[in-house]
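Trainee: Since the structure of chain A is already known, use the hints to place chain B on it.
Residue numbers (the numbering used here), protein chains in the order written: chain A, 1 to 82; chain B, 83 to 273.
Treat the hints as calculated values from the structure; they're not laboratory data.
Note that the Cβ used here is the ideal one computed from N, Cα and C, for glycine as well.
Among these hints, one or two may not hold up.
Said to hold, decoys possible - Straight-line distance between alpha carbons at most 16 Å, and here's what the computed EDC-like set of lysine to aspartate or glutamate pairs gives:
{"no.": "1", "chain 1": "B", "residue 1": "215", "chain 2": "B", "residue 2": "251"}
{"no.": "2", "chain 1": "B", "residue 1": "150", "chain 2": "B", "residue 2": "173"}
{"no.": "3", "chain 1": "B", "residue 1": "217", "chain 2": "B", "residue 2": "255"}
{"no.": "4", "chain 1": "B", "residue 1": "215", "chain 2": "B", "residue 2": "255"}
{"no.": "5", "chain 1": "B", "residue 1": "99", "chain 2": "A", "residue 2": "48"}
{"no.": "6", "chain 1": "B", "residue 1": "99", "chain 2": "B", "residue 2": "192"}
{"no.": "7", "chain 1": "B", "residue 1": "217", "chain 2": "B", "residue 2": "230"}
{"no.": "8", "chain 1": "B", "residue 1": "99", "chain 2": "A", "residue 2": "53"}
{"no.": "9", "chain 1": "B", "residue 1": "201", "chain 2": "A", "residue 2": "48"}
As the list claims (entries may be wrong) - Quick list of the computed label-pair ranges, beta carbon to beta carbon:
{"no.": "10", "chain 1": "A", "residue 1": "51", "chain 2": "B", "residue 2": "150", "range": "50 to 60 Å"}
{"no.": "11", "chain 1": "A", "residue 1": "77", "chain 2": "B", "residue 2": "171", "range": "24 to 34 Å"}
{"no.": "12", "chain 1": "B", "residue 1": "135", "chain 2": "A", "residue 2": "24", "range": "17 to 27 Å"}
{"no.": "13", "chain 1": "B", "residue 1": "146", "chain 2": "A", "residue 2": "24", "range": "47 to 57 Å"}
{"no.": "14", "chain 1": "A", "residue 1": "71", "chain 2": "B", "residue 2": "133", "range": "15 to 25 Å"}
{"no.": "15", "chain 1": "A", "residue 1": "79", "chain 2": "B", "residue 2": "252", "range": "48 to 58 Å"}
{"no.": "16", "chain 1": "A", "residue 1": "38", "chain 2": "B", "residue 2": "164", "range": "11 to 21 Å"}
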Amino acid sequence: MSLESNVFSPVISIGLVWFIVRTALVMQGILYFICSLIVVRQINLMTDTVITEVAPYLRAFAIIHAGVALGIIILFIGFLFG
Amino acid sequence: MSFKIFPAFFDNPENIKLGQQEADEHIEILLRQHWFTNVPWLTVVFLGIIFPFVFSTIDGIFINILPKVPGDIVMAVVILWYMLMTAYILEKYLYWYFNIYIVTNIHITDVAMTSLLAKTSTEVLLEDVQSVKTKVSGVFGSLFNFGDVIIKTAADAQDLSFIAVPSPDFVAERIQDLRALVEPQGGHDVP
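Same shape as in the complex, but just chain A (with noise of 0.2 Å):
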């Protein structure tokens, strides 16, 4: 075999897939995270346009749902990486 024919012949191992597939959902996660703040942010927005009695419910609503999702981001870390 030519040295040519291994240069442009990648041999990709299984292992470097896996851990670019861990590598993008531990990204995925993190755009959910960011997803999440604008969440927060857009309701902060709304309630303070509409003022109604569920408003401080669904603000701290959105405050724990971003806090999931970045438990959930340390959490793939953990247990993808560790």
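Mentor: Same frame as chain A, now just chain B:
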């Protein structure tokens, strides 16, 4: 018929206020889209919730790919799937919850959360209202009594549409009554 989880019609609500409400202004009607408009996305949510179970069952019978994937990755994908379902539910519910049509004794306001990053608010004076039209269409609209209320305003003001609101005829009549109350008490043209 309405579900408490999807409250869509408030007549003279006492505990709801607009952020920039005037001192002598009070809300007469607050509307959201009828609860039935949530059925399509709720169906998607139901299918999304059962999808992992259906997929694992089908995989066990025909494809058999899951045993070849590391367990931690399968678990992470399942968690991520349900996170995305939660995001979908949140986005749809908030979109419904914050798309509000408000009729006060002075204004008609349409507050809309167009996406997670955008908000629009359209306000017209009641005295600028020229005509109010209702449109109930479709089997479910007739069955559950919801439809559109189209409010035509003076030429320089923007028209408003209340989409798929409960009891559109009642809403239209109420807007016309309020319009009559704020109508300037000028003299009539002499023929």
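Trainee: Hints first: check each against the structure and report whether it holds.
Mentor: Against the structure, the hints:
| no. | hint | verdict |
| --- | --- | --- |
| 1 | B/215 <-> B/251 | holds (9 Å) |
| 2 | B/150 <-> B/173 | violated (34 Å) |
| 3 | B/217 <-> B/255 | holds (13 Å) |
| 4 | B/215 <-> B/255 | holds (10 Å) |
| 5 | B/99 <-> A/48 | holds (10 Å) |
| 6 | B/99 <-> B/192 | holds (14 Å) |
| 7 | B/217 <-> B/230 | holds (5 Å) |
| 8 | B/99 <-> A/53 | holds (10 Å) |
| 9 | B/201 <-> A/48 | holds (12 Å) |
| 10 | A/51 <-> B/150: 50 to 60 Å | holds (54 Å) |
| 11 | A/77 <-> B/171: 24 to 34 Å | holds (25 Å) |
| 12 | B/135 <-> A/24: 17 to 27 Å | holds (24 Å) |
| 13 | B/146 <-> A/24: 47 to 57 Å | violated (23 Å) |
| 14 | A/71 <-> B/133: 15 to 25 Å | holds (24 Å) |
| 15 | A/79 <-> B/252: 48 to 58 Å | holds (55 Å) |
| 16 | A/38 <-> B/164: 11 to 21 Å | holds (19 Å) |
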